[in-house]
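Protein chains: 2
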Amino acid sequence: MSETSRSGAGRRLEAVSLASQSPRRKELLRALALRVVVIPSDFDEDRAEAAGEPEQLALTFACAKARMAKATGPAVVIAADTVVALDGQIFGKPKGTADAHAMLRALSGREHTVYTAFVVCDRGTGEERSGVESTRVQFSALSDTAITAYVASGDPLDKAGAYGIQGRGGLLVTSIVGDFYTVMGLPLARVGGALAELGYDLWAS
Amino acid sequence: MSETSRSGAGRRLEAVSLASQSPRRKELLRALALRVVVIPSDFDEDRAEAAGEPEQLALTFACAKARMAKATGPAVVIAADTVVALDGQIFGKPKGTADAHAMLRALSGREHTVYTAFVVCDRGTGEERSGVESTRVQFSALSDTAITAYVASGDPLDKAGAYGIQGRGGLLVTSIVGDFYTVMGLPLARVGGALAELGYDLWAS
Chain A
1 MSETSRSGAG RRLEAVSLAS QSPRRKELLR ALALRVVVIP SDFDEDRAEA
51 AGEPEQLALT FACAKARMAK ATGPAVVIAA DTVVALDGQI FGKPKGTADA
101 HAMLRALSGR EHTVYTAFVV CDRGTGEERS GVESTRVQFS ALSDTAITAY
151 VASGDPLDKA GAYGIQGRGG LLVTSIVGDF YTVMGLPLAR VGGALAELGY
201 DLWAS
Chain B
1 MSETSRSGAG RRLEAVSLAS QSPRRKELLR ALALRVVVIP SDFDEDRAEA
51 AGEPEQLALT FACAKARMAK ATGPAVVIAA DTVVALDGQI FGKPKGTADA
101 HAMLRALSGR EHTVYTAFVV CDRGTGEERS GVESTRVQFS ALSDTAITAY
151 VASGDPLDKA GAYGIQGRGG LLVTSIVGDF YTVMGLPLAR VGGALAELGY
201 DLWAS
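Going line by line, the protein sequences match chains A and B. Numbered as in the working numbering, the first sequence ends at 205 without a single skipped number. Numbered as in the working numbering, the second sequence ends at 205 without a single skipped number.
By construction, these hints were calculated from the structure, which means they are not laboratory data. In this text, a Cβ means the ideal position worked out from N, Cα and C, and glycines have one as well. Worth double-checking, as some hints may not be accurate.
To spell it out: a stretch of chain B is covered by chain A in this simulated footprint if at least three of its residues, at any positions, have a beta carbon under 8 Å from a beta carbon of chain A; those stretches are [said to hold, decoys possible]:
#1 60 to 70
#2 110 to 119
#3 123 to 132
#4 163 to 170
#5 194 to 205
Incomplete in silico selection of chain A near chain B, CB under 8 Å [unchecked claim]:
#6 Gly52
#7 Gln56
#8 Thr60
#9 Ala141
#10 Gly167
#11 Ile176
#12 Val177
#13 Gly178
#14 Gly199
#15 Trp203
#16 Ser205
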């Protein structure tokens with residue numbers, strides 16, 4: 001441990017509680033060699049009352065997920081929320097296949113912005129860090145065949161903006177400006193930085 | 001099939017030959033619902049004679065992989081090559097842990113460019129498309145603890161520039177400008193476009 005102390009790093013983190021049902025977020029955290037316990041939350045995903053700037057909206061939802069999470073699982077809790085914004089309009093998860101089709105048609109050939117807010121909270125110390133990261137995403141021009149096939153795959157239905165940048169959704173995107181993982185739903189480098197501020201080092205052994 | 005003809009799309013593609021040993025490229029193509037057959041090639045990965053502009057270099061290597069691939073597997077052959085460039089210096093795969101450490105130290109806190117060239121070739125028609133995509137990658141400032149831990153994970157050793165943007169390597173990168181999959185080793189949207197030009201549609205059912 002003297003090595004990590006010398007470098008100003010911190011304690012090793014082995015497990016986190018995830019206040020999100022997103023399989024992408026779980027997968028991303030697991031790829032960091034963390035054990036992930038998904039914890040239930042009373043937060044209602046329904047965005048019926050969603051209004052305001054996308055940055056603030058994502059942060060409000062991420063904080064609500066963290067606050068309403070049940071007090072189970074590992075001490076370090078991570079919550080996040082992602083919204084997609086195009087021309088001042090905000091896209092959450094589509095309400096069905098027609099809605100998914102309309103969202104993808106709107107995004108086709110254009111650039112939109114993805115906002116992901118995160119909250120990292122240590123129940124042991126009560127300390128918390130939060131932030132919002134945004135990434136610009138350029139879509140290729142999509143044919144109706146492509147949109148119909150992608151919607152039929154079921155992939156868009158549980159995702160803000162009706163697409164996932166991983167898997168076949170990668171074919172939709174020509175370039176991004178910013179952090180890729182923000183588009184997937186969790187800004188990894190920012191979350192790593194927040195954990196370091198709370199005294200945890202993802203590189204410690 | 002009349003639907004795909006009407007939309008100007010093409011035939012459905014079910015399987016490809018991959019003239020590359022990279023497990024990332026295989027995984028990316030599999031995520032597009034393609035069956036992937038890795039085919040052997042006489043191409044020697046050793047970059048001892050690597051010189052020239054990174055764009056040209058990557059394309060030369062990708063073409064060599066495609067040209068020297070054994071004539072087995074599905075008719076559509078995909079080859080690719082990735083190089084990392086910083087200040088006119090080109091980073092291929094590291095020659096060992098010390099080399100990996102030196103590369104990561106050089107990349108720390110700075111922006112570099114990743115070039116991935118691809119060749120898509122249809123053995124049935126003899127037609128071919130190729131191209132190079134580049135993406136700028138900003139690294140966070142890395143502590144020696146982080147570099148040592150990341151090198152010890154073994155992850156850097158088979159990758160150009162000594163890192164993979166997926167998994168724990170995602171913690172190293174704060175932002176990118178361009179296509180994410182170019183950094184992973186295969187520009188998906190560009191390869192999809194090349195396949196469409198050759199008459200194949202990844203969205204056809």
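Against the structure, the hints:
no.: 1; hint: 60 to 70; verdict: violated (count 0)
no.: 2; hint: 110 to 119; verdict: violated (count 0)
no.: 3; hint: 123 to 132; verdict: violated (count 0)
no.: 4; hint: 163 to 170; verdict: holds (count 5)
no.: 5; hint: 194 to 205; verdict: holds (count 5)
no.: 6; hint: Gly52; verdict: violated, 25 Å
no.: 7; hint: Gln56; verdict: violated, 22 Å
no.: 8; hint: Thr60; verdict: violated, 24 Å
no.: 9; hint: Ala141; verdict: violated, 11 Å
no.: 10; hint: Gly167; verdict: holds, 4 Å
no.: 11; hint: Ile176; verdict: holds, 6 Å
no.: 12; hint: Val177; verdict: holds, 5 Å
no.: 13; hint: Gly178; verdict: holds, 5 Å
no.: 14; hint: Gly199; verdict: violated, 14 Å
no.: 15; hint: Trp203; verdict: holds, 4 Å
no.: 16; hint: Ser205; verdict: holds, 6 Å
In the structure shown, a violation is registered for the earlier hints numbered 1, 2, 3, 6, 7, 8, 9, 14, in ascending order.
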